[in-house]
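2 protein chains.
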Amino acid sequence: MKDTATPTVTTGPLPASRKIHVAGQLHDIRVPMREIALSGEPPLTVYDSSGPYTDPEARIDIARGLPRWRGAWLRARGDVEEWDPRPVTAADNGFAKGARLAPEFPVRHRPLRAREGRAVTQLAYARAGIITPEMEYVAIRENERRTAAHARDGEPFGADIPDLVTPEFVRQEIAAGRAIIPANINHPELEPMIIGRNFKVKVNANIGNSAVTSGMEEEVEKMVWAIRWGADTVMDLSTGRNIHNIREWIIRNSPVPIGTVPIYQALEKVGGVAEDLTWEIFRDTLIEQAEQGVDYFTIHAGLRLHMIPMTAKRVTGIVSRGGSIIAKWCLHHHRESFLYEHFEEICDIARAYDVSFSLGDGLRPGSIADANDEAQFAELRTLGELTKIAREKDCQVMIEGPGHVPMHKIRENMEEQLKHCHEAPFYTLGPLTTDIAPGYDHITSAIGAAMIGWFGTAMLCYVTPKEHLGLPDRDDVKTGVITYKLAAHAADLAKGHPGARARDDALSRARFEFRWEDQFNLGLDPDTARAMHDETLPAEAHKLAHFCSMCGPKFCSMKISHDIRAEAERQKGMQEMAGKFREKGALYVPAEAEEG
Amino acid sequence: MKDTATPTVTTGPLPASRKIHVAGQLHDIRVPMREIALSGEPPLTVYDSSGPYTDPEARIDIARGLPRWRGAWLRARGDVEEWDPRPVTAADNGFAKGARLAPEFPVRHRPLRAREGRAVTQLAYARAGIITPEMEYVAIRENERRTAAHARDGEPFGADIPDLVTPEFVRQEIAAGRAIIPANINHPELEPMIIGRNFKVKVNANIGNSAVTSGMEEEVEKMVWAIRWGADTVMDLSTGRNIHNIREWIIRNSPVPIGTVPIYQALEKVGGVAEDLTWEIFRDTLIEQAEQGVDYFTIHAGLRLHMIPMTAKRVTGIVSRGGSIIAKWCLHHHRESFLYEHFEEICDIARAYDVSFSLGDGLRPGSIADANDEAQFAELRTLGELTKIAREKDCQVMIEGPGHVPMHKIRENMEEQLKHCHEAPFYTLGPLTTDIAPGYDHITSAIGAAMIGWFGTAMLCYVTPKEHLGLPDRDDVKTGVITYKLAAHAADLAKGHPGARARDDALSRARFEFRWEDQFNLGLDPDTARAMHDETLPAEAHKLAHFCSMCGPKFCSMKISHDIRAEAERQKGMQEMAGKFREKGALYVPAEAEEG
Chain A
1 MKDTATPTVT
11 TGPLPASRKI
21 HVAGQLHDIR
31 VPMREIALSG
41 EPPLTVYDSS
51 GPYTDPEARI
61 DIARGLPRWR
71 GAWLRARGDV
81 EEWDPRPVTA
91 ADNGFAKGAR
101 LAPEFPVRHR
111 PLRAREGRAV
121 TQLAYARAGI
131 ITPEMEYVAI
141 RENERRTAAH
151 ARDGEPFGAD
161 IPDLVTPEFV
171 RQEIAAGRAI
181 IPANINHPEL
191 EPMIIGRNFK
201 VKVNANIGNS
211 AVTSGMEEEV
221 EKMVWAIRWG
231 ADTVMDLSTG
241 RNIHNIREWI
251 IRNSPVPIGT
261 VPIYQALEKV
271 GGVAEDLTWE
281 IFRDTLIEQA
291 EQGVDYFTIH
301 AGLRLHMIPM
311 TAKRVTGIVS
321 RGGSIIAKWC
331 LHHHRESFLY
341 EHFEEICDIA
351 RAYDVSFSLG
361 DGLRPGSIAD
371 ANDEAQFAEL
381 RTLGELTKIA
391 REKDCQVMIE
401 GPGHVPMHKI
411 RENMEEQLKH
421 CHEAPFYTLG
431 PLTTDIAPGY
441 DHITSAIGAA
451 MIGWFGTAML
461 CYVTPKEHLG
471 LPDRDDVKTG
481 VITYKLAAHA
491 ADLAKGHPGA
501 RARDDALSRA
511 RFEFRWEDQF
521 NLGLDPDTAR
531 AMHDETLPAE
541 AHKLAHFCSM
551 CGPKFCSMKI
561 SHDIRAEAER
571 QKGMQEMAGK
581 FREKGALYVP
591 AEAEEG
Chain B
597 MKDTATPTVT
607 TGPLPASRKI
617 HVAGQLHDIR
627 VPMREIALSG
637 EPPLTVYDSS
647 GPYTDPEARI
657 DIARGLPRWR
667 GAWLRARGDV
677 EEWDPRPVTA
687 ADNGFAKGAR
697 LAPEFPVRHR
707 PLRAREGRAV
717 TQLAYARAGI
727 ITPEMEYVAI
737 RENERRTAAH
747 ARDGEPFGAD
757 IPDLVTPEFV
767 RQEIAAGRAI
777 IPANINHPEL
787 EPMIIGRNFK
797 VKVNANIGNS
807 AVTSGMEEEV
817 EKMVWAIRWG
827 ADTVMDLSTG
837 RNIHNIREWI
847 IRNSPVPIGT
857 VPIYQALEKV
867 GGVAEDLTWE
877 IFRDTLIEQA
887 EQGVDYFTIH
897 AGLRLHMIPM
907 TAKRVTGIVS
917 RGGSIIAKWC
927 LHHHRESFLY
937 EHFEEICDIA
947 RAYDVSFSLG
957 DGLRPGSIAD
967 ANDEAQFAEL
977 RTLGELTKIA
987 REKDCQVMIE
997 GPGHVPMHKI
1007 RENMEEQLKH
1017 CHEAPFYTLG
1027 PLTTDIAPGY
1037 DHITSAIGAA
1047 MIGWFGTAML
1057 CYVTPKEHLG
1067 LPDRDDVKTG
1077 VITYKLAAHA
1087 ADLAKGHPGA
1097 RARDDALSRA
1107 RFEFRWEDQF
1117 NLGLDPDTAR
1127 AMHDETLPAE
1137 AHKLAHFCSM
1147 CGPKFCSMKI
1157 SHDIRAEAER
1167 QKGMQEMAGK
1177 FREKGALYVP
1187 AEAEEG
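Residue numbers (this note's numbering), protein chains in the order written: chain A, 1 to 596; chain B, 597 to 1192.
Check before you lean on any hint, since a few could be wrong.
[As the list claims (entries may be wrong)] Quick list of simulated restraints, FRET-style, between CB atoms:
1) B/G636 to A/E535: 38 to 46 Å
2) B/R1166 to A/G78: 24 to 32 Å
3) B/G754 to A/G24: 27 to 35 Å
4) A/D163 to B/E1011: 26 to 34 Å
Everything labelled a hint here was simulated from the structure, so no lab data went into it.
Where is the CB? At the ideal position from N, CA and C, for every residue including glycine.
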C-alpha cells in the first residue's frame, strides 16, 4: 500500500445530521454534538465523537492536522513551557528506509511539558478545586443538551449518575479518582471526554499496523472511520514499521484521545528481542510518545516476576502482547519487572505531560478455562497498589480488565476491581463469554461487555470479527464499533442513565409510525439499516409503506396495531353516544332532540 | 423465483467432521452426532442437528423426503390409526394458481391420529411411567457421548442439570411438565429433541415466505441451511401464498421439529381480513397442519379482550403478528378471543396428534419503553392458567416470551414465568436489550438471550440482522443461527452444564498450540473463521505459523508464552542442578564425580 503525502479520509455528516455547538458558561468553549432531524418530531441531540470530519463547514487537510484549539487553554494556565523535542531516530520507525519509510508528518511542533515543580494533570487541578475548561467541556458533552431530568428506570449497582452533569460534579469525580479526562498537553487537537462509572459508558477502538499488513494511510482512515461510527478513544497498537511516523499522523488528526502500549515500540527498537529491553530504552520511548501527544499509556507494571509461574497451568498462557513481553524479560533476567521497579519514575514522566495510565492486565485470561484465576487477581491487586502511587503523583489512572470470562464470573471481576483499585475506572476487553465462535467474537464479547458495563465498567475496548484470526480491516473496525456502541448503550439503559432512553423511544416511535427514514437515521448505523430494508423494498414509495418484506401488507403487526387503535377510538365514540342514548331511554335520539 | 420439481439443498459434512451414531439400550435406535477430528488430540463429539444432509452415506432426494424411520415406533405403540386426510383446498394455498402455485409434494401419506380415547403424547406416556424410544433418544443425544462427570463450575439459578442424562430422568422431566419433546405422530422423519431448563439450551430459526418475497425452493434450502449451522427447531412463519404446499416440502424433509402459527394461514384463507376469521376456519387449519406433521403450534390464547386497552399507551402497540390479528378480531366483534374460549377443543385436537403448544406472547413488548408492562404480564398469567388446562388434557406446553427488555428487567421475566407457568419451558425471542441498532438486532438480542438462557430459558428464538427491516435471506439465517448458538452455549457455560466446557477448552488448546485447522474446525462456523484468517495469510504454510496478521511473528503473545514456558522449564532444570551443586558446596561438580 503506497503511502501518499495526503491520505484521504471519510468526511461528511451522517444522514439527516448536523453539527451543533453548545457554548460554555465558565470558559470560552464550544462543545460539538450531533442533531438528528426527524420528520415527525423535534430533532434529537446525541453525543458526537466524530470530530470535524462530519462538519461540512470544516476544512479537512490531513497533512496539516486538526486545529490546535486547546492550545490557548494550556498556555493560559501558565504552568507549561515549550521545549526542544527529543530527536526522532531511525529506531523509532523500526529502521524503515526508502520507500518503506512512511512520510514524516509535514508540520513539526515544539512539545510542551510541565514547568519545574508544577502538576499539570486534570487530577491535580481537580484536587486544587479548579474547574478546568476540559471539565466544563465534558460536563456539557455528557448532558447532550438535556435540560430536564428523566424518571429513573434502572439498576445502577451503586453508581451515582446525576440527572444533569455539572462541571463541579466532574471536578469531584476526577478528584476522587473515579473518573479521568485523558488529555495530554501535547494533544491540543483533542475534544476532551471523560471516562468514569458515573458517566456514559465509553468505547475504545483499536487500530494500528502489524509487521504483516497495513500502513499509514489505512491507519489514519481507520481512526477517522472508527470515530465516525462512535468510538470515544482510539488506541494505536501498531507493531510493525513506522510506529513513530504513523502515530504522528494519527494524533495530529485525532479529536479523540489516543492510547498506546509503549512497550511495543520499545520492543521494535531492540529488534524484537524482549530480553534486550532496558529501562532506559523504555523511558526514552515514554518521552518520545508523550511529546507526540499520546493521551494514555498502557503499562503492564502489575505483572511481577513471582506471578509468572501462576500461569504455568493455564490453557492459553499469557495472551496480552505487552504482558508476554515483560514476562519474558523478567524470566530471562530473573529479575523483577523494570516497569514495576521504576513505576514512580514512570509517574514522574506522565505527570509532566498529563498522560493518563491504563494499568495493563498482562495476566488477563485468554480462555474460559483461565478466567478469574490466581494470576489474574494477583495482578489486579498489584494494580490497586500502583493506583495509589500514581495518584500520589497526581497521575490519572484507569485499570484494564478481561478477557475471556463466562457470564457467571463477570460480576466477581467488577467486585474485585472495586475492592482493590480505589474506585479507578475499569476498562475491559469484552469479556468474551465463550471461546467457541472465532469469526463472531465481537458478539461473544458484546454479551460480556454489556453486562460488565452495567455492573460499573467505564469503558469497553472493542473486539472485531477478526479477533484471534487477523488484523481488522476498515469493515471490521466499523462492525466492532457499532457492536460496542450498542453494548455500551444497553449498559447505560440498564444502569438507568437519564439520557439513554430518549433515543430508544424516538426510534421506536418512528418505527411504529412507519417513519422509515427517521428509524434508519436514529439507528447507530443508518446506512446499513437502509440498505437492508432496500434489499427487498428499494423504491422510494416503499419508505411510506406501512409494512416491510418481513410480513407484507396484510400481516404487519404495527399496521394492525394502528387499525386496532382506530377501532378502539371509534368504539369509544360509540360507547359515549350509546351512554347518552341509554340515559334518554331510547335507541336513538338525534342530537338536536337532546337539547330539547 | 421459479419453483422446480426438485430443489437443491446444501449437503456434505462440515470440515473434519463425520457422522456417528450411538445405539440405544432400551430401544432399537441410533442417535446421530458429529465427531470433529483433531490433529493434536482425540476427536471431540458434539450435538448435531443437521440431519442426514451432512451424512455422506445418506442419499438425499428432496422430492421423496427423508426416511420415515420413526413410523415403526409409532405403530408399535398400537394407539394410533391411519385416516383419510382432510382434502387440500385452494384456500390452503392462498388461492394461488398456475405458475404461482407451488408444486404439491410428490408423495402423499395417509395421516395418523390417536385411536378413540387414547392419549398419544409424550406427556401421557411419561405420566404412565413409560420410557418411549423418543425419551431414550434424547437422553443419548444430550450426553454427546460423555461418560464422565465434569467438575461443576457455574451458577444454575435453581436448574437441576444431571451429570449424565438418563432416559428415566427425561421421563421425569416430561411428566413434571418441565420439558417437552415436540414430536407429532405425523412427522416420522423427525430426529427427536428435548426442550427444557435442565437440558442444553436450544435455538429456533424462523423461515417462511411473505407476500413480498421468497418461495418453496428457497424455504426448503433455508431449513436445511439453518439446521446445518445448528438450529434445533425451525418455525415456518410463511404468510404469503402456497403456505400448505411449502410446509409439506419442509416437513417431509426436516429432521428437526417444525413449528407454525396457524392463525397466519387461517388469515390467508379469509383473504387477510382478520374480522372474518372464525373458530371453524381456525379449527380446520389446526387439523390440516396437524395431519401434515407440524410439531408445535404457537397459539395466542392468552390474549384476552380486556387486555387490549392495556396496550393503548404503548410506544409500539402489539408487535406480535398473531397477537395483533386476534386482538383485531376481538375488538371488532367485541367478543372474547375464540382461541381462549375454545382452548379445550384446541387441546383435544393437539392431543390426538401430539402437537405441542407454544403458548404465544401476543402482548410481548416491542420496544424498551413497553417492557414488563401490565399487558405483558396479564397475558403471561393467563398462559399459566392455560398451561394447567393443556396438561390436564395430556398436551405438552412451552411458554413464549419477549421481546424487547433492558438488561435490568430480564430477570423479572424469568421469575414471573417460573411463578405463574408451572415450570413449563420458557421460549423467548431475544430479548433485545436496546432499540437503537436496526441492522444489528441479532446482537442487541444475543445479549438478552444469553442472559435469559442463563436464568433458565429453555429455547431461544433467533433474531437475524434483518429484524425490523425485511425478510431474512439465507446469509441472514446463518448469521442468526450462529449468533444464537453462541448465546445458548454461553448460557450453558454459565449454568455449569457439565458438557459445555469441553468445546471451549478444546478450541483454546488448539489456539494456544497454533493448530489452526483444529481451531477453525472446532468453531461454530469453521468456514468463516478460516476465510477471515486467510484474508491476510492465505498460504497453506501459514496454517503452521505461530502467529497471525494481528500481531505478526515478533508480537504474538501465545508464541511468546511458549517461549516463556520453555525458558521456565530450562531454568527449573538449572535450578535443580544448582540445588545439587549447592548441596555439594561447589560451583560445578560433574555428574560422575557426584557418584563418587
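Do the hints match the structure? See the list:
no. : hint                          : verdict
1   : B/G636 to A/E535: 38 to 46 Å  : holds, 43 Å
2   : B/R1166 to A/G78: 24 to 32 Å  : violated, 56 Å
3   : B/G754 to A/G24: 27 to 35 Å   : violated, 53 Å
4   : A/D163 to B/E1011: 26 to 34 Å : holds, 30 Å
Of the numbered hints listed earlier, those contradicted by the structure are 2, 3.
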